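Asker: For this note's numbering, add 109 to where a residue sits in the sequence shown, where the first one is 1.
Since the hints were derived computationally from the structure, they do not count as laboratory data.
None of these values were measured; they are calculated from a predicted model.
There's no promise every hint is true.
Straight-line alpha carbon distances no greater than 25 Å define the calculated SDA-like cross-link-like pairs of lysine to any residue that follow [to be verified]: (1) K203 to K236; (2) K236 to M110; (3) K203 to V246; (4) K236 to T211; (5) K203 to A225; (6) K203 to R165; (7) K203 to M221; (8) K236 to V206; (9) K203 to D148; (10) K191 to L224; (11) K191 to L162; (12) K203 to E159; (13) K203 to P119; (14) K203 to L137; (15) K191 to A131; (16) K203 to G215; (17) K203 to S160; (18) K191 to H152; (19) K191 to I141; (20) K191 to R139; (21) K236 to I141; (22) K203 to A130; (23) K191 to T202; (24) K203 to S128; (25) K203 to G235; (26) K236 to G142; (27) K203 to I121.
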Amino acid sequence: MEVRDAMTTPVITAEPHTSVAALAQLLLDRRIGGVPVVDAGGHVIGVVSESDLMLRAKSPRSPSPSWDLIVGPGSQAETYLKEHSETVAGLMTKPPVCVSETMPLGEAVALMCDLAINRLPVVRDGKLAGILTRADVLRVLVAGRGRSTVGANPPLTDAEIVVAVREALAVQPWAQVDLLGVEVSHGIVRLSGVVMAEPVVRGIEQLVRDVAGVRTVECRLEVLPPLSLIVSPALD
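Throw the hints in and build the complete structure from the sequences for me.
Answerer: Written out as structure tokens, the structure is:
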């Protein structure tokens, strides 16, 4: 699945000269948390959100000398502009993080998680074509086209599922893949072996369920008891 399969169109936008008051009213009226900012040619030049507006409502604080050394004057000036600008031009976050409409949806979601952002403008030939929000991703999940089908390949054979499961387990050092047995029949994965802790069992079950082609997981993993502390008698 690609970004264009989940993105929202048409897109509600703001312009650089839009007043802060008009922006706040727009977000309230449309019940959205943010919008892309576009120039006269339809190019995305920034993103502005309710978080940016919140900076204007917070209580003013005197800058700390130690904090000054960390953030520097450039960052401080940007914050001041966000707190005092009367138009979107000074309030927006720039440069914007944008994605193409053909990017795999899973990659776009990972980008949103890594950067802790709620929306991604989608561009085509350098111009705004749509927007992908966390709500769009949730709609995909609710529709039953969730994580396992994002960028999905043709159905895997049982042998291919074994390989995929072992590769997924090998990425996680806590999964202790060398201690595990993996068998697959008609998409049903049977796990056997020993692990060091109960959370590892639950983590492995979830990880295996997330592998494409897995129908269900039968877990027969055993948890080893904690090692006893053995104290040798002191030698005379």
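Asker: The structure should be examined with respect to each hint, and the outcome stated for every one.
Answerer: So, going through the hints one by one against the coordinates:
1. Between K203 and K236, the direct Cα distance comes to roughly 16 Å. Compliance with the 25 Å bound is thereby established for this hinted pair.
2. Straight-line distance between C-alpha atoms of K236 and M110 comes to about 22 Å, which keeps the hinted pair within the 25 Å bound.
3. Between the alpha carbons of K203 and V246 the distance comes to roughly 24 Å, so the proposed pair stays at or under 25 Å and holds.
4. Restraint check for K236 and T211: the C-alpha separation of about 14 Å stays at or below 25 Å, so the hint holds.
5. Taken as a hint, the K203 and A225 pair is honoured in the structure, with Cα atoms around 15 Å apart against an allowance of 25 Å.
6. Between K203 and R165, the direct Cα distance comes to roughly 18 Å. Compliance with the 25 Å bound is thereby established for this hinted pair.
7. Pair hint K203 plus M221 holds up; C-alpha atoms about 16 Å apart against a cutoff of 25 Å.
8. Using a Cα cut-off of 25 Å, the hinted pair K236 and V206 holds, with the two alpha carbons roughly 13 Å apart.
9. Of the supplied pair hints, the one linking K203 and D148 holds, its CA atoms being roughly 13 Å apart against a limit of 25 Å.
10. A distance of roughly 20 Å separates the Cα atoms of K191 and L224; the hinted pair therefore holds under the 25 Å criterion.
11. Of the supplied pair hints, the one linking K191 and L162 holds, its CA atoms being roughly 8 Å apart against a limit of 25 Å.
12. Annotation: proposed proximity of K203 to E159 holds, straight-line Cα distance about 15 Å (limit 25 Å).
13. A hinted pair counts as satisfied when its Cα atoms are at most 25 Å apart, and K203 with P119 qualifies at roughly 22 Å.
14. For the given pair, K203 sits about 23 Å from L137 by alpha-carbon distance, which is consistent with the 25 Å threshold.
15. For the suggested pair K191 and A131, the alpha carbons sit about 15 Å apart, so the restraint of at most 25 Å is met.
16. Restraint check for K203 and G215: the C-alpha separation of about 24 Å stays at or below 25 Å, so the hint holds.
17. Taking the CA atoms of K203 and S160, the gap is near 14 Å; set against the 25 Å cutoff, the hint holds.
18. Using a Cα cut-off of 25 Å, the hinted pair K191 and H152 holds, with the two alpha carbons roughly 22 Å apart.
19. For the given pair, K191 sits about 20 Å from I141 by alpha-carbon distance, which is consistent with the 25 Å threshold.
20. Restraint check for K191 and R139: satisfied, since their Cα atoms lie roughly 22 Å apart, inside the 25 Å limit.
21. Our distance criterion of 25 Å between C-alpha atoms is met by K236 and I141, whose separation comes to about 21 Å.
22. Using a Cα cut-off of 25 Å, the hinted pair K203 and A130 holds, with the two alpha carbons roughly 20 Å apart.
23. Taken as a hint, the K191 and T202 pair is honoured in the structure, with Cα atoms around 9 Å apart against an allowance of 25 Å.
24. Between K203 and S128, the direct Cα distance comes to roughly 17 Å. Compliance with the 25 Å bound is thereby established for this hinted pair.
25. The straight-line distance between the Cα atoms of K203 and G235 is roughly 16 Å, inside the 25 Å bound, and the hint therefore holds.
26. Straight-line distance between C-alpha atoms of K236 and G142 comes to about 21 Å, which keeps the hinted pair within the 25 Å bound.
27. Between the alpha carbons of K203 and I121 the distance comes to roughly 18 Å, so the proposed pair stays at or under 25 Å and holds.
Violated hints: none; the structure is consistent with every hint.
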